[in-house]
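Below are the chains, spelled out letter by letter.
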Amino acid sequence: MQERELVVVGGGPAGMAAALAAREHGVQDVLLLERDRHLGGILNQCVHAGFGLVHFKEALTGPEYAGRFIRSMRGTPGIEVKTGCFVAELKPGKVLTCLSTGEVSTIRTRALVMATGCRERTREMIQIPGTRPAGVFSAGLAQKMMNIEGLLPGREVVVIGSGDIGLIMARRLSLEGVEVKAVVEIQPHAVGLKRNVVQCLEDFGIPLHLSHRVLWIHGKDRVEAVDIAQVDDSGNEIAGTRFSLRCDTVLVSVGLIPENELIEMAGVEVDRHTNEPVSSDLNYTSVPGLFVCGNAYRVYDIVDSVTRDSFLAGQQAAEYLAENGGVR
Amino acid sequence: MYDVIVIGGGAVGAAVAYELSYYALKVALLEKEEELSFGVSKANSGIIHPGTQNPPDSLRGRLCVEGNRLVRHLSGPLDLDFKEVGELIVAFDEAETSTLWRLKQEAEADGVPGLEVVSRGWLRDNEPNLSRDAVAALLAPSAGIISPYRFVYALSESASLNGVEIRTLTTVESIDVAKNSGFVVGTSSGEFSARFVVNCAGLFADEVAAMVAPPQFCIQSRKGEEYILDKKRRYLTRHLLFPVPTPESKGILVTRTSDGNPMIGPTAYEVDSKEDLSTTDAGLNMVLRVAQRLVPTIDRRDIIAYFAGLRPVAGEDFFIRHDDRVPGFVNVAGIQSPGLTAAPAIGRHVVGLLEQAGLSLELKPGPRHGGSKSVHLFSLPLNEAESLVAEDPASGDIVCRCETVSLREVRDAISVGARTLDGVKFRTRAGAGRCHGSFCTCRVMEVLAEETGRPITDISKRGPGSEMVVEDRANARA
Amino acid sequence: MSDTVRLTCIECPTGCALTVLVEEGKAVSVEGYGCRRGRDYAIAEVDCPVRILTSTVAAQGLSVRMVPVRSSQPIPRGCLMDAMNAIRALTIDRPVRAGDVLVEDILGLGADIVATRDVERD
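Protein chains in written order, with the numbering used here: chain A, 246 to 573; chain B, 1235 to 1712; chain C, 5 to 126.
These are computed hints drawn from the structure, not numbers from a lab. Be careful, since some hints might not be right.
[Claimed, not checked] Here are the simulated lysine-lysine pairs, DSS-like style, with alpha carbons at most 27 Å apart: (1) A/Lys439 <-> C/Lys30; (2) B/Lys1508 <-> A/Lys465; (3) A/Lys339 <-> B/Lys1466; (4) A/Lys336 <-> B/Lys1466.
All chains, please: the whole structure from these sequences, using the hints.
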């Protein structure tokens, strides 16, 4: 079993900021674990611009924003980075079991920062009636397919939910020659940023149907069509408003859920409904010395805020170490 | 020339093939989908029934009790994930309690063991989340749960290792009676001759039967919708909970899958189609209503997945008969609930019918071949896990984060027949976890493409027509 | 002939509601902006809307399959699809750093296509 001072789980913007700040505040031994081959987290697939206006005073793309921190990490001695390393288990006492190609290791750490990000809410979680054909993707999966793998998910798309990821993908796919037929939003206003409605939908003439719901997904093996209708304030169908759109792909963009199953394994208190850690103060959890930052703490609107709050998490971890047996 | 051709690769076909594989016979199993267990068996709820609630003296009652016994017997040799959890048929008033006593009597006559009517007090102690309005229940301890498709895979893999030829993407289109006895089965992949044919074609059994003679039964589709709850609620129930039955089905239940997720459903209503697998708002509401009556703390927000299946119904009982008009042809039809439980018993029964029809059964000489089991890393103690990973790096390469499934497990699944995302999911659970494949789908597709030597645009969810992506714009792929 | 045009600024997540007085196709006055970028945006938007183009380009022999790219400057909105067609034919087969120019002066519009990620060999 390895004994470490500080382990940061997750090499996206939250984890990198926490690692850098912890180092800056005196922690000598910082180990950052990232399960993907590269650092950058979800930003690697966010190829669009608009990140960093607050933090860098520039409009950067996701990879550019991540790249600034990746370069800082490389230039900071004392931060050990292990990519391709997956934390499979977390036990009480801050004991981690990690898997990488060729190796299983256990690590006990004195302080732990969890920066494990979010997962998307999927079709299964919101109970859309109809069949279960191929071609229904969460917007983030479609984004990964398109931007990381170079795979075109379909040719005629309907987007369920006007969250930012769905809006961004509406534009992304339109640029790739895909016909995005509509974005369907159950609320009377768009959920994502106004500017995304402009530059992702209005720019491309994609209709946004507010106060509408997808009532049925058709298709035996692959999506064939969706039925849509207007709904009232309670979400019930308004008679006479139903129409069908032929499509081969449905993107679902209906929210994010913090990933905290690892800390739950270790007995840390997690709110049953929001999946956020039960917390008295920013980044704190019910276990001293175990911090959660970034989207795993709560779903953030802009990455600049993630950076700001995750720098704090690194500092908090350093303070915890100093107060509890000294920073080596 | 085959001795026996089995049509249909679901639980029944696999069980028949498994039994036949003990004998020195040339046997082929034909399945129209890209993988086994993709038809009726795909949507099975995985319950191993004790044998209650079957019509007295019915074939299905007898085969269910025998099947329950056989599943336990096969558990070891086939490494099944069978768990005995017991079932409670719950009564909410006097009239229902009387029904419980009648059910108990009928079930005992069928040979169901261990039955007991339990009191309110017992229920409070042993089933704490059950509604306080429940007054009594019939306890059937021999009920259990199993993974339905892993059961099919275990049976079919054993059959295959012991000589049965399994052909998928092979749709039976015609069956001609050959001149000097036997059959010529025309399929989408060519013709097969056989002395005997066993029709286990599920929803299409009547259509297959009609290929040789006017069918003596008709298949009616009866749809069932099921809703799966978050694993966080896995302590919801201890036993499988059944309400007192209605004529149409065993009713809407609160059960759980063999992977530990609570499950509520199924509904039971007739549909005209043999393909309509849609779930509905009405179905969801009905399932919730009945489930919440049994367990009031069930919340709609607990639902994380849902699906529908179609039961092939041919009247009240199973229709398993040799068609005397067409010597050598056996129909196995209308295998609705308790079909999965009964499957191993059906296998034996069918072999008996074939023998009566003239199939000579000589046991195959030599040892029985068993398969090697794919190991899930986290079921091992740490030092074993370490050596496994050191010996094969792919064991430490995690593909599915939510269920911690390694590259090695995915490859193992492909080597025993997984060719689609659903096939990989059913064998390994990759894609069945909380993110529903949002993180691992790309990687699983890539591994499937590599291991089966196909372009990534050919990789499908469950066979031709359900391809995942339409174009590959990355040039780096071979 | 003057016209009042209402716009949402896209320069930052705030999305200020802008009111622009337009005469003969050009902005004469802008109201509602929270910062100078918004004012500049409004002026450009009523004359010739421009957008930053971001996309991905296929890689060969590198540690990623697709290299993310952007236009170094905004380009006319009406040219986005043509620019996409021009870059779709590219394959990057040498390591790149974020900021490296992959295509100079795309379609003669005064903007380069640059990589937005450091990418090494496989």
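The hints, checked one at a time:
For a cut-off of 27 Å, the pair hint linking A/Lys439 to C/Lys30 stands: about 24 Å separates their Cα positions. Proposed proximity of B/Lys1508 and A/Lys465 is supported: the alpha carbons are some 11 Å apart, at most 27 Å. Only pairs whose Cα atoms come within 27 Å are accepted, and A/Lys339 paired with B/Lys1466 is accepted, the gap being roughly 22 Å. Taking the CA atoms of A/Lys336 and B/Lys1466, the gap is about 18 Å. The hint holds against a cut of 27 Å.
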